[in-house]
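Following the hints, put chain B in place on chain A, whose structure we already have.
Residue numbers (the working numbering), protein chains in the order written: chain A, -2 to 92; chain B, 1211 to 1705.
To be clear, the hints were calculated from the coordinates, so they are not data collected in a lab. Please read these numbers as outputs of a predicted model, since none were measured by experiment. Just so you know, even glycine gets a beta-carbon here, dropped at the ideal spot from N, CA and C. It is possible that part of the hints are untrue.
To be verified - Under the rule of at most 25 angstroms between Cα atoms (straight-line distance), these lysine to aspartate or glutamate pairs were calculated in the DMTMM-like manner:
| # | chain 1 | residue 1 | chain 2 | residue 2 |
| --- | --- | --- | --- | --- |
| 1 | A | Lys74 | B | Glu1294 |
| 2 | A | Lys9 | B | Asp1434 |
| 3 | B | Lys1442 | A | Glu60 |
| 4 | B | Lys1300 | A | Asp16 |
| 5 | A | Lys1 | B | Asp1544 |
| 6 | B | Lys1527 | A | Glu3 |
| 7 | B | Lys1624 | A | Asp26 |
| 8 | B | Lys1557 | A | Asp35 |
| 9 | A | Lys74 | B | Glu1553 |
| 10 | B | Lys1442 | A | Asp61 |
| 11 | B | Lys1527 | A | Asp16 |
| 12 | B | Lys1624 | A | Glu32 |
| 13 | A | Lys9 | B | Asp1542 |
| 14 | B | Lys1536 | A | Glu71 |
| 15 | B | Lys1594 | A | Glu49 |
| 16 | A | Lys12 | B | Asp1544 |
| 17 | A | Lys1 | B | Glu1558 |
| 18 | B | Lys1536 | A | Asp68 |
| 19 | A | Lys9 | B | Asp1529 |
| 20 | A | Lys12 | B | Glu1553 |
| 21 | A | Lys6 | B | Glu1558 |
| 22 | B | Lys1580 | A | Asp26 |
Said to hold, decoys possible - Simulated coverage check for chain A against chain B, where a stretch passes if three residues somewhere in it have a Cβ under 8 angstroms from a Cβ of chain B:
| # | segment |
| --- | --- |
| 23 | 11 to 23 |
| 24 | 31 to 41 |
| 25 | 49 to 62 |
| 26 | 70 to 77 |
To be verified - Anything over 10 angstroms on all C-beta distances counts as not near chain A; from chain B, calculated:
| # | residue |
| --- | --- |
| 27 | Ile1468 |
| 28 | Lys1489 |
| 29 | Gln1560 |
| 30 | Ala1582 |
| 31 | Glu1617 |
Listed below, chain by chain, are the residues.
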Amino acid sequence: MITKEEVSKIAKLAKLSVDENEIEQLSEDMSRIIEFADSINNVVETADVEFENINNISNAFNEDIVLDSYDRDEILKNREGGENGYFVIRKSLRG
Amino acid sequence: MSRIKYLQKLLEAKEISCVELTKKYLNNIEKQNKTINAYVNVTAEEAVKTAKKVDERIAAGEKLMPLEGIPMSLKDNISTKNIETTCCSKMLQGYYPIYDATVCEILKNQNSVLLGKTNMDEFAMGSSCESSIFGATLNPHNTDYVAGGSSGGAAASVAGNMAAFGLGSDTGGSIRQPASFCGLVGFKPTYGTISRYGVVAYASSLDQVGAITDSVEDAAIVYDALSIYDSKDSTSIGSKISTLDKLNNSIKGLKIGIAEEFFGGISEDIKSSLEEAIKGYQDAGAEIVHFEVPNLHAVLPVYLIISCAEASSNLGKFDGIRYGYKTDSYKDIDEMICKNRSEGFGKEVQRRMLLGTYVLSSGYYDAYYKKAQNLRYSIIQDFKKIFESCDVILTPSVPVTAYKKGEALIDPIKTYMTDICTVPANIAGLPAISVPCGFDRNKMPIGMQLIGNSFEDYKVLNAAYQYEKQTKKTSKTSPCLKKTDETSPCPEVEI
Chain A
-2 MITKEEVSKI
8 AKLAKLSVDE
18 NEIEQLSEDM
28 SRIIEFADSI
38 NNVVETADVE
48 FENINNISNA
58 FNEDIVLDSY
68 DRDEILKNRE
78 GGENGYFVIR
88 KSLRG
Chain B
1211 MSRIKYLQKL
1221 LEAKEISCVE
1231 LTKKYLNNIE
1241 KQNKTINAYV
1251 NVTAEEAVKT
1261 AKKVDERIAA
1271 GEKLMPLEGI
1281 PMSLKDNIST
1291 KNIETTCCSK
1301 MLQGYYPIYD
1311 ATVCEILKNQ
1321 NSVLLGKTNM
1331 DEFAMGSSCE
1341 SSIFGATLNP
1351 HNTDYVAGGS
1361 SGGAAASVAG
1371 NMAAFGLGSD
1381 TGGSIRQPAS
1391 FCGLVGFKPT
1401 YGTISRYGVV
1411 AYASSLDQVG
1421 AITDSVEDAA
1431 IVYDALSIYD
1441 SKDSTSIGSK
1451 ISTLDKLNNS
1461 IKGLKIGIAE
1471 EFFGGISEDI
1481 KSSLEEAIKG
1491 YQDAGAEIVH
1501 FEVPNLHAVL
1511 PVYLIISCAE
1521 ASSNLGKFDG
1531 IRYGYKTDSY
1541 KDIDEMICKN
1551 RSEGFGKEVQ
1561 RRMLLGTYVL
1571 SSGYYDAYYK
1581 KAQNLRYSII
1591 QDFKKIFESC
1601 DVILTPSVPV
1611 TAYKKGEALI
1621 DPIKTYMTDI
1631 CTVPANIAGL
1641 PAISVPCGFD
1651 RNKMPIGMQL
1661 IGNSFEDYKV
1671 LNAAYQYEKQ
1681 TKKTSKTSPC
1691 LKKTDETSPC
1701 PEVEI
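Same shape as in the complex, but just chain A (with noise of 0.2 angstroms):
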């Protein structure tokens, strides 16, 4: 069972602001779902090896060399209003 308080913990590490009125129903559907992921734990699994990767590949080590970026001003292109090569956000910090 997951608690409205929980739900409302969740939702701030997942940076999500949930409203009031929809904790209810947020709790039930979260605790029918969880319901049915604890199923797992009904499984005595063979090993005690946590899953790494698909094809057990190591990682790969590129080459520390100097390559082209993308361009600043084509970045900036997503969000409206930046100059100068900065994109702007309201003031958020109060003197």
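This is chain B only, laid out in the frame that chain A set:
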């Protein structure tokens, strides 16, 4: 002859120009997309530009590359430079990537003709394409039904003859299930063979890119073109085997594994279609081997835990600051990020992120995430063992045929359960294909799935091709082929 080969033959013989062919497809989109809703963005201008380039090369006597001049679609989670890529979410509306996904780059280098971006469940989270902000994609076989998901737009674009092939992504069945619902071939290759670079991640250890086509031969052609090692994807391996060359291998003595567990709860129609297919294989000299999957009942909860955990981590980057949805009013930066995310993401995406955050949070990590990872290891070992005694596994692709509109949304857990046949291949990184296998009593397509061992994609495609050839089901199941007159490559289909 497969669709891709047929179109290239026409182009090379100059029976049709690439611009004419492209315009025929664009006309078909214009006519049908209002009803089917396969495309969320049609890139007509770009398409004609590429087609002109192809025509110039043909005029200069150049030999066509394997996918050159072929009109195709890309799922809207595949990054396309300067072409809006939304994942069908409010969060990414207005987002124009500044680079191409590797698969898109390969197709561009081959002069494949991109017709547009296809509809999907928001961030690929769903089985019916109904969580898209652009609304559901309907099934070209019957518009009372959905096309499936999450790559529903990709499937409908091919089934509705609005593309010769479509690329999708498959995290738990998102290529195979809509292919099954739309009477097409859907191939999810071995994890690592096709680059994921530039494909917006849902669950990185499960996601794979693959094609939806109307024949197995086309699936092999697309796979061979795309399975190239990519240094930009840390899990990329690629493949050097030409699966197309191996399609005609004999299947005499091929060991086909069958587990009763996959056949539980399926309808009589699906059961009898599959039994007929199994008999066909036996007649062709294949051997049937029975086996059990010890941890099959754990596969879905393991999938749920791992996919949600990875989603909550992957989607953490969407804060709406540098790009993406931006809220109107906020008090401070924390509220801004929370509001950007809550207003930008849909309900299903938020629910999966919350579940993922829960199973990763302190106090629950061991009971859920760690336990699921241990079980995933065990499941992979189980499949390794199974493939010691058989070459491919045969199952239904989905225990049901296409959902009616709205049906999949009524009970999410019931809908998750229908992924039981497709999810194991993602959990274990195996290649798996869905091929058309007849129709149910409502005239909706049935799919048969073949799963192979890692890096034995060629065996899966060979076995599927031999079935397709023997039954000649393609001509009956694909609505576009059904109405294709050999002289007209892209007829104006009325569906």
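So, going through the hints one by one against the coordinates:
1. For the suggested pair Lys74 (chain A) and Glu1294 (chain B), the alpha carbons sit about 12 angstroms apart, so the restraint of at most 25 angstroms is met.
2. Distance restraint check for Lys9 (chain A) and Asp1434 (chain B): the Cα-Cα separation of roughly 45 angstroms exceeds the 25 angstroms cut-off, and the hinted pair is therefore not satisfied.
3. For the hint linking Lys1442 (chain B) to Glu60 (chain A), the alpha-carbon distance of about 13 angstroms falls within 25 angstroms, and the restraint holds.
4. This hinted pair checks out: Lys1300 (chain B) and Asp16 (chain A) have alpha carbons roughly 18 angstroms apart, not beyond 25 angstroms.
5. In summary, the hint linking Lys1 (chain A) to Asp1544 (chain B) is supported, as the alpha carbons are separated by about 22 angstroms, within the 25 angstroms threshold.
6. The straight-line distance between the Cα atoms of Lys1527 (chain B) and Glu3 (chain A) is roughly 23 angstroms, inside the 25 angstroms bound, and the hint therefore holds.
7. For the given pair, Lys1624 (chain B) sits about 13 angstroms from Asp26 (chain A) by alpha-carbon distance, which is consistent with the 25 angstroms threshold.
8. With a CA separation close to 23 angstroms, the supplied pair Lys1557 (chain B) and Asp35 (chain A) stays within the 25 angstroms bound.
9. The hinted pair formed by Lys74 (chain A) and Glu1553 (chain B) meets the criterion: a straight-line CA distance of about 22 angstroms does not exceed 25 angstroms.
10. Restraint check for Lys1442 (chain B) and Asp61 (chain A): satisfied, since their Cα atoms lie roughly 14 angstroms apart, inside the 25 angstroms limit.
11. A distance of roughly 22 angstroms separates the Cα atoms of Lys1527 (chain B) and Asp16 (chain A); the hinted pair therefore holds under the 25 angstroms criterion.
12. With a C-alpha separation of about 14 angstroms, the suggested pair Lys1624 (chain B) and Glu32 (chain A) falls inside the 25 angstroms cut-off, and the hint holds.
13. Between Lys9 (chain A) and Asp1542 (chain B), the direct Cα distance comes to roughly 15 angstroms. Compliance with the 25 angstroms bound is thereby established for this hinted pair.
14. About 19 angstroms separates the Cα atoms of Lys1536 (chain B) and Glu71 (chain A), which keeps this hinted pair within 25 angstroms; it holds.
15. About 16 angstroms separates the Cα atoms of Lys1594 (chain B) and Glu49 (chain A), which keeps this hinted pair within 25 angstroms; it holds.
16. Distance hint between Lys12 (chain A) and Asp1544 (chain B) is fulfilled; the C-alpha atoms sit about 8 angstroms from each other, no more than 25 angstroms.
17. For the hint pairing Lys1 (chain A) with Glu1558 (chain B), the CA-to-CA distance comes to about 18 angstroms; that is within 25 angstroms, so the pair holds.
18. At most 25 angstroms may separate the alpha-carbon atoms for a hinted pair to count; Lys1536 (chain B) and Asp68 (chain A) meet this at roughly 23 angstroms.
19. Using a Cα cut-off of 25 angstroms, the hinted pair Lys9 (chain A) and Asp1529 (chain B) holds, with the two alpha carbons roughly 14 angstroms apart.
20. Restraint check for Lys12 (chain A) and Glu1553 (chain B): the C-alpha separation of about 12 angstroms stays at or below 25 angstroms, so the hint holds.
21. Note on Lys6 (chain A) and Glu1558 (chain B): the hinted pairing holds, with a Cα-Cα distance of about 19 angstroms set against a maximum of 25 angstroms.
22. A distance of roughly 23 angstroms separates the Cα atoms of Lys1580 (chain B) and Asp26 (chain A); the hinted pair therefore holds under the 25 angstroms criterion.
23. Closer than 8 angstroms: that is the beta-carbon criterion, and the segment 11 to 23 of chain A has 6 residues meeting it against chain B, so the requirement of 3 holds.
24. For the segment 31 to 41 of chain A, the stated coverage by chain B is satisfied: 8 residues place a CB nearer than 8 angstroms to a CB of that chain, which reaches the threshold of 3.
25. Counting residues of the segment 49 to 62 of chain A whose C-beta sits closer than 8 angstroms to any C-beta of chain B gives 7, which meets the bar of three, so the coverage hint holds.
26. As drawn, the segment 70 to 77 of chain A meets chain B at 5 residues by the rule of a beta-carbon pair under 8 angstroms; at three or more, the given contact holds.
27. No Cβ of chain A approaches the Cβ of Ile1468 (chain B) within 10 angstroms, the least distance being about 23 angstroms, so the stated non-interface status holds.
28. Separation of Lys1489 (chain B) from chain A is adequate, the least Cβ-Cβ distance of about 34 angstroms exceeding the 10 angstroms criterion.
29. Annotated as non-interface, Gln1560 (chain B) brings its C-beta within 10 angstroms of a C-beta of chain A; the closest such distance is 6 angstroms.
30. The non-interface label for Ala1582 (chain B) is inconsistent with chain A: the shortest C-beta to C-beta separation is roughly 6 angstroms, within 10 angstroms.
31. Consistency note on Glu1617 (chain B): stated as away from chain A, and its beta-carbon is indeed over 10 angstroms from all of that chain's, at 18 angstroms minimum.
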